[in-house]
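Novice: In case you want the letters, here they are:
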Amino acid sequence: MLQLRVPGALIDAKHLALVQELCQKYGNGTFHMGMRQTLNIPGIKYENIPAVNAKIKEYIQDVSVEMCDCDMEADDLGYPTIGARNVMACIGNSHCIKANANTHEMAKKIEKLIFPSHYHIKVSVAGCPNDCAKGNFNDFGVMGIYKMDYDQDRCVGCGACAKACDHHATGVLSLNAHGKIDKDSCCCVGCGECVIACPTGAWTRGDTHLWRVTLGGRTGKQFPRMGKLFMNFVTEEVVLGMFANWQKFSAWVMDYKPEYLHGGHLIDRAGYVKFKEMILDGVELNPEAKVAEELYWTEAEQRANIHVKPISKHHKAGPQA
Amino acid sequence: MGYKVCFDEVNQIFDELRKEYEIWAPKRFPGKGRYSDTDLIRYDKVKTVEEIVFDEKSDFPAKEVLSPITEPLFYFTEDEWKESKATSKKLLIFMRPCDIAAQQRQEKIYLGNGGFSDIYYERMHEKVKIVMMQCDLNDDTCFCVSMGTNKTDNYSLAVVAEDGALKVEVKDDAFAPYFEGKNAEDYVPSFPTENITKLTIPEIPNKEVLTKLKEHPMWQEYNKRCISCGSCTVACSTCTCFTTTDIAYNENGSVGERKRTTASCQIEGFTDMAGGHSFRNTPGDRMRYKVLHKFHDYKERFKDYHMCVGCGRCISRCPEFISITATVNKMSKAIEEIVAAENK
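Here the protein sequences come in this chain order: A and B.
Per the numbering used here, residue 51 is the first one in the first sequence, and the count goes up by one each step.
Per the numbering used here, residue 137 is the first one in the second sequence, and the count goes up by one each step.
Heads up, none of these hints are tricks.
Derived BS3-like pairs (lysine-lysine); straight-line CA-CA distance at most 25 Å:
id, chain 1, residue 1, chain 2, residue 2
1, A, Lys197, B, Lys163
2, A, Lys230, B, Lys221
3, B, Lys435, B, Lys244
4, B, Lys218, A, Lys230
5, B, Lys360, A, Lys213
6, A, Lys197, A, Lys230
7, B, Lys307, B, Lys265
8, A, Lys148, B, Lys360
9, B, Lys193, A, Lys148
By construction, these hints were calculated from the structure, which means they are not laboratory data.
Bear in mind the structure is a predicted one, so any value in this text is a computation, not a measurement.
Could you build all of it, start to finish, from the sequences and the hints given here?
Specialist: Okay, structure coming up:
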């Protein structure tokens, strides 16, 4: 099955004509909506692969080379690797009123840093911590957030923000005896529900786009788990600086021999503390940034004691014997 | 007298004016809109003409300059009190014709209603000089022509921005010295003559029809659609309701301040009374109250014109896309129905 990458899940609709042609001429006439937002063309016969690869040259040129500025050239041989998986994204603020960010733009910048590469990584970009993009089940979930500003003089004390925060966020706002708002800033997720609910513009988003990054989420038959909060209130520069270190980190863990292994397992092998050291190497954190000191994932083990095995079967990061 | 003055020169005039005036105008706040990466346009003090947004309607109205959302009234210490101070400068406010008409309506409520004059409004009102911004917007929420608020002569200066210059009509001689020696050019401001949105305000012929209209099922639609957030009344050029709050300092309850804060008839709890009684308990009831106030009750009381000036801000700010013009059209239909049933 051919999977056409759609980084950020948004492309010019003109490409749909090509997809239909490929499905009907070379595939079995059906089309599958890829689970990672790729355009999937099932049933391509082995002998047709070269013809199909030649056909998709223009698509790769348009999407990977021009739209995402990936360091590659489009040729007649199809995609050079399948290591890094398609960067997923929700629709983001190009359409959704809840979103704090343009997810496509962010996804394209991430795609440029991780593709083409033989190292596996799954990333999904969400416009807000509601995470419709399911970043929590990706190696990296990248979610648009803000630090909010509150202008007490514009507040009419209607309490709409507190109600919205209670209903669909973390309930950190309350109306005080003076008819203004108190905030327990410890647990604000930066989602912006207060801004959307505010009738007067007393709540506004801060001046800088910020991001929340979850780490280590995955599905799988063996040990599915949800990601944990890795970095909070970091700038785009920090997020991209971190992704720029991914290939270096992966190469070191695998001792420079790429094999088919999911990105999350590389983090497990290195251990979180080592991962943190390498992935943030040379990254200058913004003043608001917070980073997890330790991470303790909770795995939903499908078999009891799945990690308990002879020590000779334990995997090791870094230089291999 | 007319002038055409380039922005650099306008800014020099602004510098002179600011010795005597605070200059208030619609200003863009990038990224501060309700949705991310959208802007907010609201009134603020400006220093340069480039800060003024001429080609888009502000999200919030000019009334915020004269009656800020939160305003301290007085400070108290045991048995003494001290009134808050208004700004010491005069106020030069850039307004569109609809905004100017809205001030007229606000004055009726603050200064002429029930033989009582609100001193906090009055002390601001006395300071105001108006710069009329020639309005060429005609955005699809505007309906000033239908409300008769598209034209005005209530201004000191009229301006239009064109290619990095301001054309100015100086109507008030107090401003003539600022323009001495500047490039004279005839300028007569134009006014909107037609809007995309047109509205016919229905007449309610008698009290019986009014009573039946209040009970009409049309208002129930808003129980499903309106979220009672109050965005429409905060954005309204003419709404004046406020509430007062005493803020006593934590460690000493006999020291503190009284302030007033904008209130909204659309927000639940607006009609709460001592003893727990309240009126207008559903969004539909509250919507009916507001619509009738703007398009019937105010005129019934003051006999001159409707309260609504057709600025359309309530439409553009409503997060649920409720349109006041569509609502008034529904009301017209309901009245026709009621009258037809009566004549049977």
